[in-house]
Amino acid sequence: MKTSLREAAVVGIGRTSYVRKSGRTTTALAAEACRAALADCGLSAADVDGFTCFNTGGGSASPSAVAHAIGVEDLGWSLTVAGGGNIVTSTVMGAITAVTSGQAEVVVVYRVLGSETRYGKNLGVIDVEGEAQFSGPSGFLVPPQWFAMFAQRHQYEYGSTSEDLGAIAIQERLHASKNPHAVGKDIITLDDYMNSRWIAEPFRLFDCCYEVDGAVAMVITTSARAKDLPHPPIYALGAADSNRSGGSVVQYSDMTTMFSAGTAPKLWERTGLTAKDIDVACMYDCFTFTVMATFEDFGFCDKGEVGDYFREGRATYGGDVVVNPHGGLLSEGYIHGMNHHYEAVLQLRNDAGPRQVANAQTALVTSGAGPFGGALIYGTEATL
Amino acid sequence: MSATTDAQDVVAISLPPQPAPDPDTQGFWDATAQGELKMCHCTACGLWMMPPLERCRTCAALTTFDKVQGTGTIYTFIVQRQAAVSGYLDSLPYTVVIIELDEQAGLRLPGRLINIAPEDVHCGMRVEAMFEPLAGGEFTVPVFSPSRKPA
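Protein sequence lines correspond, in order, to chains A and B. 1 is the number of the first residue of the first sequence in my numbering; add one for each residue after it. 1001 is the number of the first residue of the second sequence in my numbering; add one for each residue after it.
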């Protein structure tokens, strides 16, 4: 790892409940999560001098507004990053870099989603700009459609099946059944999966994440200060991003892969680790196929083997690596991947209760799907 | 894409999304209005680009819109069965394809596939472009149909 990364650590985590309709503003949700993250590490608004978040425009709450809402009087470092799941890694690494570079000493990074943001349908659009002007008029506009296109090509080239995608959905739901915070706790069988309604074939309902209202926040500060705080500090051992084809889904060259085909080699090179070294894998899972493609790209198994990998129990407790112990976006809830960071920190603190992964020391957290995204590896003090 | 609205709270508009052409894309829509498929093409090195750019991303020369044959191969496709996009709520299911045009490997264009049942569609199938008026009255969009010519 870069030695400078040792100079900052994640010290606090907080979140709201995840519900379908909160009836609350995004400012209220974000403020609750940020207060919870500060309380978790024994700090207060008076200690905070940096705030950052990402959003896709609208339906969020700005860093300055959220900082103000929890009582910060003079926010020093404030950065809003434009993007969705693809940009989570960059946003978290931006917060870490703000600390290691001395621009701020205590930074809160958060994501909030309210009822006004739902990506699965888009029924109010009139004009489509940019690349979407070539697809939207044909009724091709929303994420389930984009990634179903990827899944179809993978099935054509590698013979992966609906049952393979179902194995991912079933495993994640089983994990979520032990997570009181999850919105989707009822276990599902292969029959349940196969009988769930089509969305954008080859995707069924259970291939799609569970959109909710809620917020997640993390507090990052210097390692020196972390030593005085209540929880063991969790470190970023390295991170990498890839942005390909200008963010175009349609033009992305090999749709049996994702951004992770570029990210994985960079991340392994920067950390000196490999897939075999990962104890917990919080794989970004806006859709089941996102897990399939990125899991292959990160080298956990070969092309076309993900279904068997999951069916054989290699992606759960007692297997090779525990994938999304919280149930992921598919079953815990869609907080745009920030809940994956929360889970990774919880696991590495050994605080995950009934779903704790034994002796978890490293956690891979991926973010994004299709042409762009990133990944970060967290480690405990013992891994430095 | 701008932030979306909760499906439960919105009255879907009846029209499909309408293109918002810009100086880089206007030539594409001008051509479809004439029943022609033209793609962004470098005047110097000959690279085809989608989405269109003012200048070539490889050699920085000016681009123009040149006619393509409109023939190609299905790279991938979906069968949309859930109402998700305005203008298509009453026309389910429908098939959307991503076509690789014959002019250049990896040069792709999305569109609806017509004149074939969803269960008969497969990757690698040969198709050709046709044109349909877009509800709303201002634009003509390319659609694809199984090729009438042998491969």
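If you are wondering where the hints come from, they were derived from the structure by calculation, not from laboratory data. Just so you know, not all the hints are guaranteed correct.
Between beta-carbon pairs, the in silico distance windows are [as the list claims (entries may be wrong)]: (1) Gly57/A to Asp1102/B: 55 to 63 Å; (2) Gly319/A to Leu1062/B: 53 to 61 Å; (3) Gly57/A to Leu1062/B: 28 to 36 Å; (4) Ala382/A to Ile1013/B: 24 to 32 Å; (5) Ile1114/B to Lys185/A: 36 to 44 Å; (6) Gly71/A to Pro1133/B: 55 to 63 Å; (7) Ala1060/B to Val81/A: 26 to 34 Å; (8) Asp186/A to Pro1021/B: 18 to 26 Å; (9) Ile187/A to Ser1147/B: 28 to 36 Å.
We put the beta carbon where it would ideally sit given N, CA and C, even for glycine.
field: Broken hints, by number
entry: Failing hints, ascending: 1, 4, 8, 9.
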